[in-house]
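Below, each chain spelled out in residue letters.
Number of protein chains: 6
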Amino acid sequence: MSKEFYINNLPEEGSFTDFYMVRAVSLKLGSNGKVYLDMNLGDSSGEINGKKWDVSPEEEASFSKIKEGDLVKVRASVNEWNGTKQLRIGRIRKYDPDSDKLDVSDYVKAAPEKGTDMFNYVLERASAIGDEGLRKMAVKFLQDNRDRLLYYPGAMRNHHAEMSGLLYHIKRMLMMGIRACEVYTNLDRDWIVCGVILHDMEKLNEIESTELGVSPGYSFEGKMLGHIAQGVKAVELMAREVGLEEEKKIMLEHMILSHHYEPEFGSPVKPVFPEAEMLHYLDMMDAKMFDFEDALFNVEPGNFSERVRTLDGRMLYKPTFKE
Amino acid sequence: MSKEFYINNLPEEGSFTDFYMVRAVSLKLGSNGKVYLDMNLGDSSGEINGKKWDVSPEEEASFSKIKEGDLVKVRASVNEWNGTKQLRIGRIRKYDPDSDKLDVSDYVKAAPEKGTDMFNYVLERASAIGDEGLRKMAVKFLQDNRDRLLYYPGAMRNHHAEMSGLLYHIKRMLMMGIRACEVYTNLDRDWIVCGVILHDMEKLNEIESTELGVSPGYSFEGKMLGHIAQGVKAVELMAREVGLEEEKKIMLEHMILSHHYEPEFGSPVKPVFPEAEMLHYLDMMDAKMFDFEDALFNVEPGNFSERVRTLDGRMLYKPTFKE
Amino acid sequence: MSKEFYINNLPEEGSFTDFYMVRAVSLKLGSNGKVYLDMNLGDSSGEINGKKWDVSPEEEASFSKIKEGDLVKVRASVNEWNGTKQLRIGRIRKYDPDSDKLDVSDYVKAAPEKGTDMFNYVLERASAIGDEGLRKMAVKFLQDNRDRLLYYPGAMRNHHAEMSGLLYHIKRMLMMGIRACEVYTNLDRDWIVCGVILHDMEKLNEIESTELGVSPGYSFEGKMLGHIAQGVKAVELMAREVGLEEEKKIMLEHMILSHHYEPEFGSPVKPVFPEAEMLHYLDMMDAKMFDFEDALFNVEPGNFSERVRTLDGRMLYKPTFKE
Amino acid sequence: MSKEFYINNLPEEGSFTDFYMVRAVSLKLGSNGKVYLDMNLGDSSGEINGKKWDVSPEEEASFSKIKEGDLVKVRASVNEWNGTKQLRIGRIRKYDPDSDKLDVSDYVKAAPEKGTDMFNYVLERASAIGDEGLRKMAVKFLQDNRDRLLYYPGAMRNHHAEMSGLLYHIKRMLMMGIRACEVYTNLDRDWIVCGVILHDMEKLNEIESTELGVSPGYSFEGKMLGHIAQGVKAVELMAREVGLEEEKKIMLEHMILSHHYEPEFGSPVKPVFPEAEMLHYLDMMDAKMFDFEDALFNVEPGNFSERVRTLDGRMLYKPTFKE
Amino acid sequence: MSKEFYINNLPEEGSFTDFYMVRAVSLKLGSNGKVYLDMNLGDSSGEINGKKWDVSPEEEASFSKIKEGDLVKVRASVNEWNGTKQLRIGRIRKYDPDSDKLDVSDYVKAAPEKGTDMFNYVLERASAIGDEGLRKMAVKFLQDNRDRLLYYPGAMRNHHAEMSGLLYHIKRMLMMGIRACEVYTNLDRDWIVCGVILHDMEKLNEIESTELGVSPGYSFEGKMLGHIAQGVKAVELMAREVGLEEEKKIMLEHMILSHHYEPEFGSPVKPVFPEAEMLHYLDMMDAKMFDFEDALFNVEPGNFSERVRTLDGRMLYKPTFKE
Amino acid sequence: MSKEFYINNLPEEGSFTDFYMVRAVSLKLGSNGKVYLDMNLGDSSGEINGKKWDVSPEEEASFSKIKEGDLVKVRASVNEWNGTKQLRIGRIRKYDPDSDKLDVSDYVKAAPEKGTDMFNYVLERASAIGDEGLRKMAVKFLQDNRDRLLYYPGAMRNHHAEMSGLLYHIKRMLMMGIRACEVYTNLDRDWIVCGVILHDMEKLNEIESTELGVSPGYSFEGKMLGHIAQGVKAVELMAREVGLEEEKKIMLEHMILSHHYEPEFGSPVKPVFPEAEMLHYLDMMDAKMFDFEDALFNVEPGNFSERVRTLDGRMLYKPTFKE
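Residue numbers (my numbering), protein chains in the order written: chain G, 93 to 415; chain Z, 93 to 415; chain Y, 93 to 415; chain U, 93 to 415; chain D, 93 to 415; chain A, 93 to 415.
In short, the hints are calculated from the structure, not lab data. Treat the hints with care, since some could be wrong.
Since the list can't tell identical chains apart, any single copy or any two copies may satisfy a pair.
What the hints assert, rightly or not - As a list, the in silico DMTMM-like pairs of lysine to aspartate or glutamate whose alpha-carbon atoms are at most 20 Å apart: (1) Lys410 to Asp280; (2) Lys414 to Glu224; (3) Lys380 to Glu354; (4) Lys120 to Asp146; (5) Lys232 to Glu160; (6) Lys414 to Glu339; (7) Lys126 to Glu172; (8) Lys232 to Glu337; (9) Lys228 to Glu339; (10) Lys159 to Asp188; (11) Lys95 to Asp188; (12) Lys143 to Glu303; (13) Lys410 to Glu338; (14) Lys159 to Glu172; (15) Lys159 to Asp282; (16) Lys193 to Glu303; (17) Lys157 to Glu172; (18) Lys206 to Glu151; (19) Lys341 to Glu151; (20) Lys120 to Asp190; (21) Lys95 to Asp198; (22) Lys315 to Glu337; (23) Lys410 to Asp223; (24) Lys126 to Asp198; (25) Lys380 to Asp280; (26) Lys95 to Glu105; (27) Lys120 to Glu104.
Required output: the full structure, derived from the provided sequences and hints.
Structural data, given as structure tokens:
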């Protein structure tokens, strides 16, 4: 069974049934004293609010088990006021992997490429690093963390917050970084490749993630330290294991420590060699291109988007001549 | 005759004679009541301070005609205290194009590629733009300004302050921008190419320049408006001439207006479509890569540079394993 | 028929009927599952929230045509909780210019003087400019834009967001500017008068406006460029038309470009001649005096206002001895 | 005897003799081991550096008594390098009021109007205040401090740092404030007049001043508290003396406390009634107009000034068409 | 009768009756057109939202007399959705001091020590000041304001917003300040003790307070000036009364004026002697320790708190090994 | 032999001989074309500039070996102009440990207590930590680094830049921290003691130091990472060695990471438990008290200091009644 009713294309009349991811959920008390279920449901095409009215005490018990990040099967119809659509939910239950048997990547927000394909691309580039120490670092990180990399998102709420988002982020930065070495011949490709692969390595331990690529929040260590400080430690430990030279170890730690560039974004130092500087821009460009694509996805040609939180509240424009 | 005594490689003993560019010059009164000439001399390898002591009243008259940006012929010897070298100048006179017949690009700070080669590369890309209106804009700008583009610097004092620096800046941004379109397929190459070519177009009228690519300062209009506001006007006028559609004209103006990104750097608006966003990063990367190369040029492997003014006072590092 | 029931003086008991401007409107789903109409209604004396409960499907269709900025005829009564008044709306329909025949300026927020009177005052000052070029610029702008100037507001939401607000802003700045020339004799009155008249000229094309002086939002060009960059372009084009000298043209453009003073408010350069500096303060003073009058309008003597958004959240004070 | 040799018009050849004010002075050891006297000399037309070489030990003793702010009689000739003029001083001694008998206001930087005339203008406006309490406050302050007001500067180094500068500042703000009440009829003239007169009252106790209007520095209290906090205290004490009502007393204190507007400029609160708001702008305008006049005084038409420290380093422009 | 049902330990089933303080209250119109009462109730253990549905017109009249800061007697039961508890209120009436006879400190948020004990500790330290002038200042302030000090909170909403909070703040700062003098022997204990006692003296006149230590808001003078400027005035007046020397008076005023340290927090000057510097840190430490204790009070070991507004939105951690 | 001629008490007439530390040194070319030696010399009482004129070529060779941080034996006399003293140096040579046999702590800037005494105090407190893991961490750090701790300064140029300065900083923070636990009983003393001891542990590897406690600069790792990131790594490695529990390890790392509090001072996270918060204030207080003592050391009662760079340019005050 494959997905039929995408959120940006729901039937205007009549009811329909399909699977969606729960993006937010709570039971609320209406001002008529009755309980209702208030949810945001999402798929790869967008997000929509839905309500189930007049929840009975028995339903309450069962609905209180539905959590953010769950897949649910929903029967609903669409209402619209002031141009805003909303679902009136009839029936709802949690997805059952045994009986429902979905290919979940059709139903959740996910990177546009297969995790395994992206992983192989990245591993290949890592294996081609000429410097032995750097190659060992990059390859070891990939091999040790293959399972989680295949589904981990790049963030909880910001850019690349989607299944396999972290890997997609690494892969496109890598593509761009390799090209940058063609133009800026003062850059050393080994450092670019290794730096890109490791720069966010501790996102894996800073945020938590379900296997659907949804992050329910930060880990204990993530809250206390953040992936930048964690990454510096992780390089230190791995470098001792693979026997990386002292100077190179500290340079790699510097790349991680400086890649957010500004103190208020978590980097206490600024890059002092060109590959570290370029790493920052590769990271920024990839984040921004993701945010632009994401925010313009459902905008009609000739229109502006809503304010985009991750882009300082800008309203983005899609030209009339874009298909 | 070609250059013999580069500033980063002057003879430690004895005197020598060669041509240098005047980077700063003034006549000063010593605290012994005598006048001396105090200069900074430069070539493509660096810059050095020099002094000519006990200037006579007749010399005063002649030396007062030497200006920043002039080429001068100098006879001098090297002194050193505390690791800082200084020239003791014996004789000095201005370069005479008729009798001295130099290929000046050997003697001044200049982009590493020939101006005409770079111009041809850029013009070729402009001519390949698919959108008719954008192509006309880019090609017209290049053709109308060919002469000055061949030698204009990119700035008075910051990145690309060198002969043909503006063209070098455009060319490398273009190389990188075209590659970015391969990775970020949501980008429209026509807009990237046209935006890169036009983004700094009014630098030609914001700063002044000698034909050696040295800017003595800002123009009247440059001081009153700045190249960003000037650029918006220039697009408006050129767009009316070539008949560019209204929407595209305003989008191009938006690209120019937003490309410095932050209000405090001169952009009152932030980019609202992806090509405008990318333009900013192409600009930043090219500026930064230039600054890094420039600042590390004379640094020995395993050492840090002096503080770099254009990079927030950072001291850059050249690894021991760099040749 | 003239206005009877002002919002700051509604009858506490019984119902009443009058015309009001719609300041905000939406159809909402109550948590009892029924639809209601939620509106903010305004006139020159203030603003009040009103609700019409239990909207039927037929009413929905008709109510969905009521937009922000419309005049509506309303029958309602007043409720009050916790000192906050609210309307319970009985009947409501849109204003019909043919049958209702109102003098709309009684019903909407408008400047306290007639548009035509203010226009004549400003035009007279423009015509009295001694410098030929500046006079042509100011007069041409006024004559070309007379129709819209008569009703355009000065802003969408900030100071002078009212019918004829832009003209009222220009007029009072002009009165103050002419007086400033008496005190600060280094100021050239021609430049003050022309600068004041043109400083916000492109507000006419940055924001849109109904003929009731309500702005539904920014134009395409307004969003992409803003009235400051638009104004620089507009001066350029008009100056070419009337044959203004180069130096004066650039000085006028500088006045417009610098009049917001701070980069974060849209001015990439700061004023460099005294008339440009004074223009900024005339603008600020007029904006602030407007905001103070507006915010204190309904405050009782001896009391503080609510926090005023446009004045950094200040709570303003009206002394006990003010009538 | 009246002044003959103004600094902006000194003879290019030969020596001359006149009186100047000492703006800075120190004895220095030349790098030839000899002592020389290094001074900045000023009059109302400008400032110039001068040096007296080869100071003997006896001269040292006498020169060490010359202080900043003294008038001195100087015999000197003019030298020039790189467009910068400098005095070579032959003889120098301190002014002797008994024998030299100058009208000092010709020799120092001073307001363009007589102190007594300005004082009378201000006192007249104070006496015309309708509100009894406010009138008593303003009149009492003026009468109690007449002597110092006649010569006090408005600052140590910033705007109005000249003889009678404080009074000139008050007078022009008053002229402008009275005019503002004509335009902004919501303003109460009594409050504007009283607020303007008292706003900087404690400058008299924050900075010290010689009777030539030169401030050698801040007082103990000025360094510890600043004139704003001092002013609040001073109003409190004077209000108790004249019996001003509580509400009015606190409003006056608020005007003083808020008139610098921004915390970083010394105002912990922002104005909350319109007269307090206007006071701030009157103060700013007057300071800025002073700085513009001052900085453009010696600039040739068609040129830019040096960077002006008190105007964020701007370079100001004097148009070609200004005489 | 003593308190039985603390908010952090309410019965999960059945209804209960007890007294609570009203933290927020309003009558609201439900979207079913019926009125309900919406309250936040608090005691020393926490705060909870409660609602009384279907308020009748007669009840409306009586409920509209319940204000923030009142004690009320409530009969209610607990509901819970999504882990958030809420009260369904049955009956509610105001506390009657005559018949209810409570020891109110059990029912409100209050400092953990008796007001009189704390007062005696502070007075004792004041009486032990060696310097006569400082001793008179500190003792006089305490004696003149004993009554209000016993119950006044330290703030309206921030740290020490509880009954006797101001005194608790002074007492713990004093304990810490005396210890600081043992370590930093350059500190003069008399100045530390006097400075701590007086630093917030005008909080008594900046905010208003009920005798339950709840502040309904700022006073007129508090809004216009703030406790720092008020404190400077108060020291001036008291110093004149007790005959404190000029230098010491100004130093005390400086301590008050500078103790918030940063302009944006209300201090136009920074401390210039060590006791003034230390006063700032004593104040900060005490505020922060209060906020940490307060925010972690109801957090379970091994968990993070909600975001704490007064601590820049941090989420605080209580370790697993804390009891 | 013990020190006789302290810099703040040099003989006004005649010459003298003693040992001083070189604070800055360079050979310069005078504008009479002769070389001279320009030095700043220091001891525990202050710093003074000195010059040796007419350096011969042989002397040049020998003087060029004198470096910042050396002890030198100097014969000199005092000159004074404008209240500034300067040394005219006759003879100068480097200190020879073999023949000169000084107790160097008399001759250099050093903490007022013996290094070994302070070390023992700190070690005793570390040994008394109740929690086994924390005790092992603190004790191990002290024992492993005893040698360097005895002389290391706390900084290169800021607070505690003196011999044994780092240990003095730790010791006084510890004294204050232990006292803070008496007042704020929510603090856990073990964490305060351990946190204080470890907070700057990697200063030992961030800056370099001679055995006289003078830091010539930052280490490679210090420049690339900084002592905060280095400290996080160091705790990680030591914690693995001593077997500290995971939660406690991360809490210690958090204390180090957060102790500078603001991102712009190097802390990417803010403290989230009370001991981490207090650590920051202990650090700040100790730094500030050091700076105040240091800056006021040579100020006369009733006077202000020069502007203090480390205290935002404040001029500090020493009251008249201070001995």
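Here is what the structure says about each hint:
Proximity of Lys410 and Asp280 under a CA criterion of 20 Å is satisfied inter-copy only: 12 Å between copies versus 37 Å inside one chain copy. For the homomeric pair Lys414 and Glu224, the shortest alpha-carbon distance between copies (16 Å) is at most 20 Å, but the shortest distance inside one copy (47 Å) is not. With identical chains, the CA atoms of Lys380 and Glu354 are at most 20 Å apart both within one copy (17 Å) and between copies (15 Å). Taking the shortest alpha-carbon separations for Lys120 and Asp146, both the intra-copy value of 10 Å and the inter-copy value of 18 Å come in at or below 20 Å.
With identical chains, the CA atoms of Lys232 and Glu160 are never at most 20 Å apart, being 33 Å at best within one copy and 46 Å at best between copies. Taking identical chains as interchangeable, the C-alpha atoms of Lys414 and Glu339 lie at most 20 Å apart only when they sit on different chains, with a minimum of 12 Å there against 50 Å within one chain. In this homomeric assembly, Lys126 and Glu172 come within 20 Å of each other (Cα to Cα) only across copies, at 13 Å, whereas the closest approach inside a single copy is 23 Å. For the identical chains of this complex, Lys232 and Glu337 are intra-copy neighbours only, at 16 Å inside a copy versus 26 Å across copies, given an alpha-carbon limit of 20 Å.
For the identical chains of this complex, Lys228 and Glu339 are intra-copy neighbours only, at 16 Å inside a copy versus 30 Å across copies, given an alpha-carbon limit of 20 Å. In the homo-oligomer, the alpha carbons of Lys159 and Asp188 lie at most 20 Å apart inside one protomer (14 Å), although the nearest pairing across protomers, at 46 Å, exceeds that limit. In this assembly of identical chains, Lys95 and Asp188 lie within 20 Å of each other by CA distance solely inside one copy; the values are 16 Å within and 49 Å between copies. Taking CA atoms no more than 20 Å apart as the test, Lys143 paired with Glu303 passes in neither setting, with 27 Å inside one copy and 40 Å between copies.
In this assembly of identical chains, the alpha carbons of Lys410 and Glu338 lie at most 20 Å apart only when taken from different copies (15 Å versus 49 Å within one copy). For a Cα distance limit of 20 Å, the shortest separation of Lys159 from Glu172 across copies, 17 Å, qualifies, whereas the shortest one inside one copy, 26 Å, does not. Taking the closest pair of Cα atoms, Lys159 and Asp282 never come within 20 Å of each other, the shortest separation being 43 Å inside a single copy and 40 Å across copies. Taking the closest pair of Cα atoms, Lys193 and Glu303 come within 20 Å of each other only inside a single copy of the chain (15 Å); across copies the shortest separation is 60 Å, beyond that limit.
Within a single copy, Lys157 and Glu172 get their C-alpha atoms only as close as 29 Å, which misses the 20 Å cut-off; across copies the closest is 14 Å, which meets it. In the homo-oligomer, the alpha carbons of Lys206 and Glu151 never lie at most 20 Å apart, since the shortest distance is 38 Å inside one protomer and 50 Å across protomers. In this homomeric assembly, Lys341 and Glu151 never come within 20 Å of each other (Cα to Cα): the closest approach is 57 Å inside a single copy and 44 Å across copies. Taking the shortest Cα distances, Lys120 and Asp190 never come within 20 Å of each other, neither inside one copy (31 Å) nor across copies (40 Å).
In this assembly of identical chains, the alpha carbons of Lys95 and Asp198 lie at most 20 Å apart only when taken from the same copy (7 Å versus 57 Å across copies). In this assembly of identical chains, Lys315 and Glu337 lie within 20 Å of each other by CA distance solely across copies; the values are 18 Å between and 31 Å within a copy. When the C-alpha separation of Lys410 and Asp223 is checked against a cutoff of 20 Å, the pair qualifies only between copies, where the shortest distance is 17 Å, while the shortest distance within a copy is 44 Å. With identical chains, the CA atoms of Lys126 and Asp198 are never at most 20 Å apart, being 35 Å at best within one copy and 35 Å at best between copies.
In this assembly of identical chains, the alpha carbons of Lys380 and Asp280 lie at most 20 Å apart only when taken from different copies (16 Å versus 25 Å within one copy). Proximity of Lys95 to Glu105 under the C-alpha cut-off of 20 Å is restricted to the intra-copy arrangement: shortest distance 19 Å within a copy versus 45 Å between copies. Taking CA atoms no more than 20 Å apart as the test, Lys120 paired with Glu104 passes between copies only; the shortest distance there is 18 Å, against 27 Å inside one copy.
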